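Colleague: Residues per chain, in single letters:
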Amino acid sequence: MPPIVDPQKCNGCKGRKETLCEEICPGDLMAFNPETGKAYLRASRDCWDCMSCVKVCPRGALEIRIPYQLGYHKASLRPIMGKNKITWKCRDIFGKEATYSFETRKPSS
Amino acid sequence: MSRMPTAHAIDFALKDVSDVETVEVTADLLIIGGGNAGCFVATEAAKINPGIRTIIAEKADIRRSGACAAGMDAINTYIPKGKTPEDLVRWSRAQVGGGPLREDLALSNAREINECVEDLERWGVPVLRDADGNASYRGKWDISIHGEQLKPIMAEKMLESGADVYNRVAVTALLVNDGRCAGAMGFGVRDGRFYIFRARATVVSTGGAGTLYKSYTADATDSGSQIWMCPYCVGSGYAMGFRQGAELTSLEQRWVATRSKDFCGPIDTISVGYKSAIINARGEHVMDRYKELGGDAAPRYIRANAPMEEWLAGRGPCYCDTTHLSPEAAKGLLVDYLNERPSFVLFLASRGQDITKEPIEIYGSDPYIVGGHTGSGFWVDINRMTTLPGLFAAGETAGGTPNKFVGGCAAEGKLAARGAIAWMRDIPLPALDDAQIAAEKQRVYAPLLRREEDGVSPLEMKERLQRLMDEYAGGSSQYYRTNEERLDYALRHIKMLQSQFAYLRAHDLHELMQAHETMDRVDVAEAVVHHLKARRETRWQGWQTRSDYPERDDIHFDCFVESHRDPATGVVTTFTRPYEQLLPGDRYKA
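Going line by line, the protein sequences match chains V and F. One gets the working numbering by counting positions in the first sequence from 1 and adding 7 to each. One gets the working numbering by counting positions in the second sequence from 1 and adding 206 to each.
Extracted from the complex, chain F is given alone in its bound form (with noise of 0.2 angstroms):
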């Protein structure tokens, strides 16, 4: 095992690109992103080969890095007894509205999901059980954990898994040689070098991305980046893939979810588990509405866009009812969030709220893209190679399967580790382009050399793309509604934004990172848009809702939406491809 050791951020008063050193490391895999998938990448390539040579690049510390870093309360998909992998892919189907989704995806993950929850178990993360030794199921297929060490642990296993981490490597760009993906380049956030990881295959898994849309609760507070999915994956690897040319495909199925007002915390299945209802300003049942559709079990985006149409009717604020618990249970309920999201317990605390007397406010989420959840991401093949050959993909960077969570991410690891190990088998390590190396190495370092230069700074550049996504492309201020002048509009000023980079500047080592986020964040805006413009009907309100367009469409659009951008020109097409329905049976109908 081994940890590359970091230090204090070194003061780096740059005056030329040439003055920067520069570490060449080769490897066999490379993993970029050491978050839930990253971690089951490595333990399973340590798994099928122990003598391959791995690199896991992390822009933070493993230990706490990725959307799992507070902690998680629960499984959300665990296959319980007397299920099978097709029942589950059913379900996620209908939660999809019926997709389209990648069945074939799905159910391969579905196949591997029983053991990584397992391992996760023998690796030390309580599993919650019965007298018997069931798991605690708290809808469906969820189950409960206590998994405050949960990231921690995975840590550990990949460092046992004789991986070289590489933390606080902020990952900028893919190297691409005769078409095919040779590695990747990046800065260390700390020690300020420039990093060239050569390998034979590379794994993306560096997560979504939140903060496209401004979230409601950056108004200028201490809470710009008070959202619920993990602030810090801002989808640099959709970013670094698509600049390179692979395929993308569904971003338009944008996550929006329901949670807790002000202080975005989990909501859903903690109302579902806790069978504490959703109702209105008036105290009526808001699911009873969709009842057609499911009521408290309909699909996802109808739960998490319910509550504001609520309010878009006059009839919020909205709640979820945690009035009839009784202390024990509101206890537990607590206990869950201390688990996943520990600062709500805080919040509630700084409102003095008990919930047993007052009900926890809900609200909708802004828009996140993240292919764990919807079907966001590369379009992969079933090895989960993107269509940038030595590329692969897990977990939130993989599209065409929604609802995997940290079960289907941590499965979609070991899948995307096979399907990498396999690839390499007859492919030499790649050869170096120094032009693009030299090429990136200058466009790494750009805002830290004009840092004494009038400029923009990259929290300027976000907030203005944030506000921008949330106005134009439908995020929570507009009731998630967007239309093709909106969008048209949105993507002028990104294509404004774009031309603006090279003002960007940096002062020092972490605004150099945020820079290179900020213009990641950008580029994925603009695949974003380009989605939603080409899907001209409305297939999943709330996340995904054309007011020009409000019916569904399915003699055009029962198909998937891609976009490919040319290395070359930068130019961003779109266009479909059909979906392929596997699991006979309604689609619509778990």
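Just chain V, with the same shape it has in the complex (with noise of 0.2 angstroms):
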């Protein structure tokens, strides 16, 4: 089922030519509806689950769900991102919450 679109946080990136998950979707399946002027998902079955949607997107509008058939409802992992660092906020299906810190880049040389 991923990624869902949350329609109130989603503002389809106004003013941009393309929307940023529609940009960086290596599968090319985050699209643009002129009509809600949201991004939308085109083809959930062909979703690889790789997040990049999810970490480029500014409004942290975008959140994946495991497929039910897979995994239970309901549990989320939402990636923060830093300039050389991302935290990773997850909380599983009894609530039960982690949070994970590190370093993503180093200054280059």
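Please keep in mind that the hints were generated in silico from the structure rather than gathered at the bench. This one's a predicted model, so the numbers in the text were calculated from it and none came from an experiment. From the three backbone atoms N, C-alpha and C, an ideal C-beta is built for every residue, glycine too. One or more of the hints may lead you astray.
Said to hold, decoys possible - With a Cα cut of at most 35 angstroms, we get these calculated DSBU-like pairs of lysine-lysine:
no., chain 1, residue 1, chain 2, residue 2
1, V, Lys96, F, Lys363
2, F, Lys647, V, Lys16
3, V, Lys45, V, Lys96
4, V, Lys81, F, Lys537
5, F, Lys647, V, Lys92
6, V, Lys45, F, Lys795
7, V, Lys45, F, Lys363
8, V, Lys24, F, Lys363
What the hints assert, rightly or not - Covered, in the sense of this in silico footprint (three residues per stretch, anywhere, with C-beta under 8 angstroms from a C-beta of chain F), are these stretches of chain V:
no., stretch
9, 14 to 20
10, 28 to 34
11, 54 to 62
12, 86 to 97
To be verified - Computed spacing ranges between beta-carbons, pair by pair:
no., chain 1, residue 1, chain 2, residue 2, range
13, V, Asn91, F, Arg521, 21 to 31 angstroms
14, V, Asn91, F, Glu321, 22 to 32 angstroms
15, V, Thr106, F, Glu757, 45 to 55 angstroms
Got two chains here, separate frames each, mind docking them using the hints?
Modeller: Here's what the structure looks like:
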């Protein structure tokens, strides 16, 4: 069922020729609906769950969910992208929370 | 630097192919596929000759395309102090059951590999090092990295190299003139234009082919592409070269790996790195059964196949036993996953699973054709030129060299760049063949022109192929086994699918890309089945298991299996090439 677009948060990357999620998706799966002004996922079964779209969205409007056939309702995993680090917040189906934070880039030499 | 702008996909109500706008671009060097290998082709080419005009054609966006899109948690091959490139090749040889492998290619890759990893580190990829500056080894050769930004960093370097990057252009065919590669053709997935890239030399670095086989999780759920390999690498590079007569090698050496069950995440290197044994339903150490083959260090195909043999013998399910891990070690393991396959952490959370209390369940993956992992790909010379002059291969597309992984694919990118630049020195810009271009343009847009007619969707044909390959050509549902009769059955139906390409229809540009991906899959699958048929023995159980020839037959098959497709007739023939052992010693031991 990945990824879900939150219509309250998504603004269709107003002013851009392409939404950021549409630009980045390696499967060409994210698209823009001119009627709603929001991004949408074309084909959920083709998603690899790589989370590139989730990482690139500046408004946190995208969330991936494991298909129910594989995992239960409902857990969440959200990245917070820093300049040289990433923080992941995870919540499992029982409400147990965990945070992981680590460096993703060193200043290049 | 120049990144060609992209935009929302146009509404493309095409009526006639003459309405399509054609864009012709000329370059010295064309790189098809801007992934890991393609990045190193571009940066090396710029280093050798900053004046060279390079084009990268990429069907996605180079910042998150190819197998590294989601990130990477390790570099599997980095030669530690005290070891040599020869040692790495000996290990690689033992990991594929003594070969055959191209030791000449493997050695040349191994000699470049550390420099490539250090390039990545200089570019900003965090390589975990101890207080003395030594890389942190998980196993014999693999080091830990924090590679979440690996692909965006590579993309920055591609742009800095000065290459012109055409994102969202799907290449569909090579241009061939006077028996040599003259560039390639394709279409814009967003703008619908027809692109002609004319080049003096071409490197194909499109990655491997996942998605030829049905994944066991692809059962009409939202997880049709829930495989370990990047599902958008469908073998287009193999297909476009094969259709033009470039020789393929070792496609029967399919990559099958032990992966986490129900959500394909990496397992085997993690199992080694965190000393988490593979156990069966009874808690027995599975690899103890393979002691004479090295136990936990047994060849890769043995380790991949072992859990499936347990299932078959009634001793499944199997697990990677993480229950002894301390909370800190478990957290480290989850961070590794977040760097490479973040959604696996979400999967565990969706199962409510604490891996220190409940072990990670494992299973065999569907088979992939990935020449960065096994030896599948184009037969290339030492300069990485395929048997089609002017066409070079790097990374997953270049055959004969298993166990390249990230570092080896990068190394091969450099070698292919050097080879291509040396070769093009005396080569003028090739002329264009108008008839060839017109025919390809017609072929490219045909599914879109048929959009209102009754026909077959790209998804339907993909799934027909995947089920056929799974059941008849040794997929996971058959515990990777196949035989002559099943392979003949598969070939008959592949021919049927090829004869039905004319019924494919696409409603938009995205579906048009899928139509071409599906045709590429079918053509690569045909080659795979021919290779499986030609190797009448079982050399790598799991990777290649023939129920009708269950033993290894060194008298006839201690050699490479090759295939060639006649570009004029489409007839595929197979033959063998001898294996040359360059490094003396026991081939079965590292």
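Colleague: Indicate, hint by hint, whether the structure satisfies it.
Modeller: Against the structure, the hints come out as follows:
1. For a cut-off of 35 angstroms, the pair hint linking Lys96 of chain V to Lys363 of chain F stands: about 30 angstroms separates their Cα positions.
2. The straight-line distance between the Cα atoms of Lys647 of chain F and Lys16 of chain V is roughly 41 angstroms, outside the 35 angstroms bound, and the hint therefore fails.
3. Distance hint between Lys45 of chain V and Lys96 of chain V is fulfilled; the C-alpha atoms sit about 25 angstroms from each other, no more than 35 angstroms.
4. At roughly 21 angstroms between alpha-carbon atoms, Lys81 of chain V and Lys537 of chain F fall within 35 angstroms of each other, so this suggested pair holds.
5. Between Lys647 of chain F and Lys92 of chain V the CA atoms are separated by roughly 45 angstroms; this puts the pair beyond 35 angstroms, and the hint is violated.
6. A C-alpha spacing of about 57 angstroms is found between Lys45 of chain V and Lys795 of chain F, which places the hinted pair above 35 angstroms, so the restraint is violated.
7. Under the criterion of a C-alpha separation no larger than 35 angstroms, the hint pairing Lys45 of chain V with Lys363 of chain F is consistent with the structure, at around 32 angstroms.
8. For the hint linking Lys24 of chain V to Lys363 of chain F, the alpha-carbon distance of about 24 angstroms falls within 35 angstroms, and the restraint holds.
9. Residues of the stretch 14 to 20 of chain V lying with their CB closer than 8 angstroms to a CB of chain F number 0, which falls below the three-residue condition for coverage.
10. Given as covered by chain F, the stretch 28 to 34 of chain V passes the check, having 6 residues with a CB less than 8 angstroms from a CB of that chain where 3 are the minimum.
11. With 6 residues having a Cβ less than 8 angstroms from any Cβ of chain F, the stretch 54 to 62 of chain V passes the three-residue criterion, so the hint holds.
12. Counting residues of the stretch 86 to 97 of chain V whose CB falls under 8 angstroms from any CB of chain F gives 4; the rule of at least 3 is met.
13. In this structure, Asn91 of chain V and Arg521 of chain F break the distance hint of 21 to 31 angstroms, their C-beta atoms being roughly 47 angstroms apart.
14. For Asn91 of chain V paired with Glu321 of chain F, a C-beta distance near 24 angstroms keeps the hint of 22 to 32 angstroms intact.
15. Here the CB-CB span from Thr106 of chain V to Glu757 of chain F is close to 53 angstroms, well matched to the stated 45 to 55 angstroms.
Consistency with the previously given hints fails for numbers 2, 5, 6, 9, 13, ordered from lowest to highest.
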